[in-house]
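Undergrad: Listed in order, the protein sequences are those of chains G and L.
For the first sequence, counting from 1, position 7 maps to 252 in my numbering; every step adds exactly one.
For the second sequence, counting from 1, position 192 maps to 269 in my numbering; every step adds exactly one.
In short, the hints are calculated from the structure, not lab data.
There could be a bad hint or two in this list.
[As the list claims (entries may be wrong)] Taking lysine to aspartate or glutamate and the DMTMM-like style, the derived pairs with C-alpha atoms no more than 25 Å apart in a straight line are:
1) Lys461(L) x Glu457(G)
2) Lys219(L) x Glu259(L)
3) Lys360(L) x Glu457(G)
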Amino acid sequence: MSISDKTGTFAQLRATSRLSQSARRQLLLTVMPIVVLAGLVAAIAVANPNFLRPASIWTALDSAVPLMILASGAMLVILCGGIDLSVAALASMASVLVALWIPAMDGWAVVLVVLVCALAGLLQGVIHIVAQIPSFLVTLGGLAVWSGVALVASGAATVGVSGDTLAWTFTRLTDWRIPSAVLIAAGLVAVFALVLQLTPVRRWLISIGSSESAALMAGVPVASTKIAAFAVSGACAGFAGVMLVGRTFSGAPTLADSLLLPVVAAIVVGGTAITGGFGGIGRTVIGVLIITVLRVGLSVAGVDSSYEQIFYGVLVIAAVALTIDRSKLLFVK
Amino acid sequence: MSAETTAEVQTPVLAVHDLRKKFAETTALDGVSFEVRPHEVVGLIGENGAGKSTLLKMLIGLAQPDSGHIELRGTRVKMRGISQAGAAGIGMVFQEQSLIPNLTVAENILFGAEGGAVVGGLYRWKELRRRAQVQLDKIGSKIDVDGLTEELSFADRQLVEIAKVLATEERTNAEPVVLLDEPTSVLDRDETELLFTQIERLRTRASVVFVSHRLDEVLRVSDRVYVLRNGQTVAECVPGDVDEASLRRMMIGRDMEGSHYGEEDQLPIREEVRLSVRGLSVKGVCDDVDFDVHVGEILGIAGVQGSGREELCRGIFGALATRGTMTLDGEQITPRSPRDAIGSDIGFVPAERRREGMVGTMSVAENITLPHIGDVCAGPVLLKGKERQLADEWIERLRIRTPSGSAPLGSLSGGNQQKAVLARWMVSDSLKLLILDHPTRGLDVGAKSEVYRLIRELTASGVSILLMADSLEELIAMSHRVLVMKDGRVTDVIDAPAGAKPAPVTVLERMI
């Protein structure tokens, strides 16, 4: 056998053992988040075995609820190729509004606030579609507007809530002391999963995220799907704001602001593509758990919580760097 | 013959030995060998997926072979990128063009090879112009070196690209190898003639590799032709000894079944009018268009770029705003979006398949059901079993080659992708009108005939077709009648019955 024969066979062997690039990327996006989550849980369990006790697990899950609700909604917008940067600001605004309105309207305040936030999201979606402005810009502007509304409405102060209107959002149920918030979030995730699994909505979101013009020419209701995604994202933000008020007994104009980066981090770390067209609710649940366990882990390791934002920032960049499909991008802007 | 010229013939400028390349599961090149001798024009033909583009990429260093090697003027070379290939004297004129539109012609010609024309990071404009002019003079072009590239016609930009490749001559002190990748695909007849004259001129100072799917052109300009099939060089021939038919046979490896365009299946036009368009205008591009399409008729629309035919079709499909009236089977329709048009049983196959025609990341089945997803739903609930069954049925009927209905559509070959795109409209029993915008673009010969066959089948079942085609020959052969457009207006409607097809020139005369 000549030398060139040998190199030929070797090269062929190497090529067959290689997975196609897209298949490898999909595998990475699916397996990696689970591996990371398991690794983090194991590491914390070794450092502090108490972490695996039911009580601490429930507490950890309970703390993940606002993030979970925010991320579920924001994920829809990312799935169709946009991004909603206003969710945290909208949740803060919701916290102020619900705290202000509970004295007059009691439980109806919650419904009204969620509706108002859904409308706010809808408005952003309509502006994005009608004026053809990139979604990150519309929602960046929205972020400032909703923060401003929250500041004006609250007089730049914390608004306290008395009474037990929101007690249902922050209580423990049954003998196992399951946090009600966890059940609520689980219910919401289940609704998302059912809608995405059983109806054509997921097809529409993914086709829009992969190739908007192809979706349009195939008769996908592009405009209404996108606007609906923004509206649901807004409603989720509003509901997350209500849940936050339930546990702090007050609304404040910056209450949820620090959640923006964890929300994006959770979605991306879970394996949803930041460029759209790939992802889902299951991945987002994994992502939220990773962020939550990471936060617990940092405190177990004795890291000051002021360092958290640094970790989220690095995590978002690293996760996107590892997973982004560069073949789809002509230029990075 | 003198000793010197014999020696020249024996040392090819460029020789490629047994190149092999595998991308994951697909073998792109499976042993390609060929050589280019000094001052020779070598034709390279092959179906889509035969490995032409991979081979070209290797020659300019955009891909590396798994095995085999490339020899340039007798020395083995390893290309690591376009600039290195350029420095060695191999340049490519890209099909989709690689010039930077907002630079001047001179800047583009010497881009990355400015040499003495840049001192201390600053252009010496006079020197730059002079050097660029030298290159343009070589091909006898009158293009202004100070003109902006974006203001040139496509054909002129192609000449600038050729001049750019010739600019390597001064650096290497050797005659360059010019690779022309499908150079005539967007040129009209006169521009093509000019290019051929240019190639004749080019061969006095360079060697040329001419890649094209138009066999008549390859036979005309080449000294020798290599045929690629399934990543292998299967034949080397001299144009005098072969004709188009035998080349086509070598390309696809078998005889064509029946006639290419299925002209014998063209049924006479029926009486009933399917779509009636009156006074239709699309702002700025087409104005006051009237025409009728009958049931089961293929109406070809001819026109050069800018004739407004593409916009007209998009307008009918609701993708562009229109004024005027449209009547479909006697009912007036006003589609405001593609979704509206689909609701009126109109379908559209876009020219840019990868960008508009399909969602490559979604599966074959999901792509097939996307426009009529309501047909596989019970209320809001998607019936995945029913969907799979429907998709499998159409994969079978159209002989779409795919591992399964759940494989991503983007992983299939172009011809099979296009069949899936056609299937998404064919699944609907009530389809009335299908608009085909260059349905065979980028497909190889075999896939083209299959698409033609499907179009004929559709018309037999009563679907009406609006067709825009890649070539006039294809358009006339497929159509019952040809609507000719120029500057946004209809200039003529020409009958094209089976057996009495008009000559392309009759249509061409009304286009320009």
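Undergrad: Hints first: check each against the structure and report whether it holds.
TA: Structure-based check of each hint:
Note on Lys461(L) and Glu457(G): the hinted pairing holds, with a Cα-Cα distance of about 24 Å set against a maximum of 25 Å. Proposed proximity of Lys219(L) and Glu259(L) is supported: the alpha carbons are some 24 Å apart, at most 25 Å. At most 25 Å may separate the alpha-carbon atoms for a hinted pair to count; Lys360(L) and Glu457(G) meet this at roughly 24 Å.
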